[in-house]
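Novice: Residue strings, one per chain:
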Amino acid sequence: MFKEMLEAVRQQRPLIHNITNYVTANDCANLLLACGASPIMADDPEEAAEITALCAGLCINLGTLNHSTVPAMLAAGKRAGELGRPAVLDPVGAGASRLRTETALRLLREVPFTAVRCNLSELKTLAYGSTTAKGVDAGEADRITEENLAHAAALVKDFSRRHRVIAAVTGPIDIVTDGERALCIRNGIPMMSAVTGTGCQLSSLTAAFLAANPGQPLKAAAAAVCAMGLCGETACRRLTGQDGNASFRSYIIDTLYHLTPDGLEKGANYEVL
Amino acid sequence: MFKEMLEAVRQQRPLIHNITNYVTANDCANLLLACGASPIMADDPEEAAEITALCAGLCINLGTLNHSTVPAMLAAGKRAGELGRPAVLDPVGAGASRLRTETALRLLREVPFTAVRCNLSELKTLAYGSTTAKGVDAGEADRITEENLAHAAALVKDFSRRHRVIAAVTGPIDIVTDGERALCIRNGIPMMSAVTGTGCQLSSLTAAFLAANPGQPLKAAAAAVCAMGLCGETACRRLTGQDGNASFRSYIIDTLYHLTPDGLEKGANYEVL
Amino acid sequence: MFKEMLEAVRQQRPLIHNITNYVTANDCANLLLACGASPIMADDPEEAAEITALCAGLCINLGTLNHSTVPAMLAAGKRAGELGRPAVLDPVGAGASRLRTETALRLLREVPFTAVRCNLSELKTLAYGSTTAKGVDAGEADRITEENLAHAAALVKDFSRRHRVIAAVTGPIDIVTDGERALCIRNGIPMMSAVTGTGCQLSSLTAAFLAANPGQPLKAAAAAVCAMGLCGETACRRLTGQDGNASFRSYIIDTLYHLTPDGLEKGANYEVL
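Chains as they are written, first to last, in our numbering: chain D, 6 to 278; chain R, 6 to 278; chain E, 6 to 278.
Isolated chain D (complex conformation) (with noise of 0.2 Å):
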């Protein structure tokens, strides 16, 4: 099922246009350049639509927004709309201050967004207006586990259906749905949240995925969080005694620069919730 996902992304190269933060941007450009797509970063509001007219897709991303950026991710967005590009946003960080959870709600309400990539704190900020997040991180009481995953499901789909958009939630355990079909995936390791912006580093990667794959954002998406997480595994499975959460955040990215189409179908774990 999601063998074809990381072909076309091979296949098609797609120049993905990111608008994101200066502490993860390198990772987000390796992982790309990984999985066989292109970056190009920018995000002056002079030229952000017109560089996200250059892209197959866009990644907004919140991380460290400022007075300048933000009307650029508007710009960018609005123009990969009338584009029938896809756009993921990643609220990096919404509900730890107005200014990220007002952008995020602004930029829900005037993108037309594919998909939105975040932790649960995140997109309760989204849903709800209240959170119990951590900074960037997921609060405690908000990590999708086995206990709450039935009731995460339930809010994650309905965020969905309301906003239109794939929404991919990510934490001990994904979910990925449409709104109407959920999947809920076990790929990944507690360590990746010793390395600063995997979560970043996903949209990108969620962003190439919709962007080499029209018309199966479901489907797309899905592939990316599980390659994502099937990185993760498979890369804790190189750390020497001595390898630390750097070396590890290095071999993530080695790990998808390898990974074979058969590779992530094998690797794949999740099941139709």
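Note that these hints are calculated values from the structure, not bench results. Only true hints are included.
Since the list gives no way to pick one copy over another, a pair counts as held whenever it fits inside one copy or between any two copies.
Below, in silico cross-link-like pairs of lysine to any residue (SDA-like), each with a Cα-Cα straight-line distance of 25 Å or less:
{"no.": "1", "residue 1": "Lys162", "residue 2": "Leu110"}
{"no.": "2", "residue 1": "Lys8", "residue 2": "Gly246"}
{"no.": "3", "residue 1": "Lys8", "residue 2": "Asp248"}
{"no.": "4", "residue 1": "Lys271", "residue 2": "Gly246"}
{"no.": "5", "residue 1": "Lys83", "residue 2": "His72"}
{"no.": "6", "residue 1": "Lys162", "residue 2": "Pro177"}
{"no.": "7", "residue 1": "Lys271", "residue 2": "Gln247"}
{"no.": "8", "residue 1": "Lys8", "residue 2": "Gln247"}
Dock chains R and E against the given chain D, drawing on the hints supplied.
Specialist: Below, chains R and E without anything else, positioned relative to chain D:
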């Protein structure tokens, strides 16, 4: 003595607000994660103070300051002061431009910092307005060695008393003082200066140690300085003949990821001056 | 021929001012440190020219230009010209947006650059105003290969003469020329394009080589291009079956850290056109 300092960081997992440069932000984030803390980077004036209020500590780094982030630094620093949260200043390149020198001096006047972490050239600029800095590195004359240690320590203590901050001045030998007591720390190796941002990383780490150890700022700052230097020493032993400064960069963070409180206690190489 | 160029960098340790993008700034800094130079990044218009005046060389990179950094680029570039310091332009993405194209052209008009380092699509945009670029990468038709080498070399030489700059145009084959003499360089491997910012890194490296070798800009620029390509070749031989583009990224910098002047001399693969 330092064991409890690291234990507290690992247990409390303090969230640290970093207003820092885009060159080393990723390393600062991964180093914070390696020690058990959580990073958040946010530098727009509209949200800076609000993010600080969410966090246990603040690190302000002038590495790539600009007209937009300077007001964010001031707002965040003042809020940290109002809330009694520890704030660290890293006056990167003070002395290299008027903007850097004046911003550092203004921050020192207006923000009740808990600690200033810098090299001796930067400290002299803040103390006297003059410098022999070479860009963002200490000038040759300002490297702290056995020869100038007593003189440097007197200068740093004086600065510390005058500004009522912990001063953590690093170089071939490090000095950490609260103005009364001073520690001289001999952890670390020269090759650390071939990795960009080890100073920035230490400043963020200091904020995490201060946040997790309220009421013990001298011990907390000194523990952070020892930990960073010790990670450099340990990481260096892992270098193969092909590894250079880029692999060393990852190994330093990896080493902190595995550093135990007992390991820090045993490896800390300091004396009371 | 190139041996002395690297020796001079290692002996003089030039301080290089980079106004560059936030995606690859960390790699540019670590690469400069690896070759023995020192980096400083500073992009606020208020301090840019002042920082340039402290430095032995300047590198201006349009990777994530914005309305604030463009004036900083102009001010820094003009100051470098007044002081007779070498300045390098890397017109990342010229042709991808009007802002990039116009900024690159304006910089070329107003700043007396010593060298322009770019790909063939970017060069054509600067020369003719048109392009077949794919985002920040050269378009397929603009990859320099044996087939189009003579034609490309003529174009690059013409550009070099017209703008009185060393032109260093990289691709599968690299061309470096002062408008009279031209070198064709065959160091480097395709996998380098799977690491974000190898071009940016080369531009910073070129500034360091120019700064340490005044009066020999063609040799200095060509030595930098050979060094970068050679590091890619050598780093590639170190890759295990699990290593991908992220480990390769570190190995390239590691390799430069260990590159000797003799090693560069022996490994340089070039011919006079």
